[in-house]
Amino acid sequence: MPVEWQPVRQSRTHELVLQSIEQRVFAGELRAGDRLPPERELAPVLGVSRSALREALRVLETIGVLVAQPGRGPDAGARIVRHPDDALGRLLRLHFALGSYSLEDVLEARVVLERSSFEAAARNASSEDLDEAEALVVRMGEPGVPVLEFNDLDTRFHVHIARSSGNELTSTLTSAVRESVRPLILRALEAAEDWPATAAALNAEHTELLRLVRAGEGASAADLVEKHIRSLHGTLVDENSDRAPGDS
10 MPVEWQPVRQ SRTHELVLQS IEQRVFAGEL RAGDRLPPER ELAPVLGVSR
60 SALREALRVL ETIGVLVAQP GRGPDAGARI VRHPDDALGR LLRLHFALGS
110 YSLEDVLEAR VVLERSSFEA AARNASSEDL DEAEALVVRM GEPGVPVLEF
160 NDLDTRFHVH IARSSGNELT STLTSAVRES VRPLILRALE AAEDWPATAA
210 ALNAEHTELL RLVRAGEGAS AADLVEKHIR SLHGTLVDEN SDRAPGDS
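Numbered continuously in the numbering used here, the sequence shown closes out at residue 257.
Derived from the structure by calculation, the hints contain no laboratory data.
Quick reminder that beta carbons are idealized off the backbone N, C-alpha and C, glycines included.
It cannot be assumed that every hint is accurate.
Unchecked claim - With beta-carbon atoms standing in for the labels, derived distance ranges:
1. Val34 / Asp95: 18 to 28 Å
2. Arg88 / Gln32: 34 to 44 Å
3. Pro152 / Ser60: 52 to 62 Å
Said to hold, decoys possible - Okay, derived cross-link-like pairs now, EDC-like style, lysine to aspartate or glutamate, Cα gap no bigger than 16 Å in a straight line:
4. Lys236 / Glu117
5. Lys236 / Glu217
6. Lys236 / Glu113
7. Lys236 / Asp203
Kindly generate the complete structure, drawing on both the sequences and the hints.
Set out below in structure tokens:
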């Protein structure tokens, strides 16, 4: 019986380097805070060129698990870190812009994540957490707050509540999803016919959300945050329903 040959999958050199580093992370041999050997030492050990090694390190830096510090001295070189929020947010923004996810998909993900985070925050948030959230609400309520700053404070408020829920993954995903639609929400706020009235209405809901979390009324907070998200984000979905995914 003749041998049936199958194509061999070819990997680029930097992918093999990535695989080698990933395996050491999975095995617990590399942890956050650990430094990788200098390029001049690591490249020959792995049997690759320094350019291939640098390419692999750039990929790891992009996805938020490594930071490269150029120069010489004890702080120079590549170090394993845990910075998933910015990396996931950047990745999700790109995929959203490319049409990998629809605006409706993002809306439903926000609703699920934030219902969970507000309900959990009502159980787990410390008084310090809630005082920090209140400072954001107070700033949003100041007369004449610019739209751009309001949008930034709004994002920080929702992400802060997620962080105070006690679930780090929920916090990271909430941050990434909210960041992915930040430009669209900003444009919607800028298009408001009466910005002071819009800001006041949105912040009245922020104030009530914070009150419910402080009171431990998690179910009510979850219901209100869903209404809060759908009132603006849902409008964006309706406005974009006839557009191709990724259009803006």
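Here's how the hints hold up against the structure:
The hint said 18 to 28 Å for the Cβ distance between valine 34 and aspartate 95, and at roughly 19 Å that hint holds. Range check, arginine 88 to glutamine 32: Cβ separation about 18 Å, and the 34 to 44 Å hint is violated. Evaluation of the 52 to 62 Å hint for proline 152 and serine 60 yields a pass: the beta carbon distance comes to about 56 Å. For the suggested pair lysine 236 and glutamate 117, the alpha carbons sit about 12 Å apart, so the restraint of at most 16 Å is met.
About 12 Å separates the Cα atoms of lysine 236 and glutamate 217, which keeps this hinted pair within 16 Å; it holds. With a C-alpha separation of about 15 Å, the suggested pairing of lysine 236 with glutamate 113 holds against the 16 Å cut-off. Only pairs whose Cα atoms come within 16 Å are accepted, and lysine 236 paired with aspartate 203 is rejected, the gap being roughly 21 Å.
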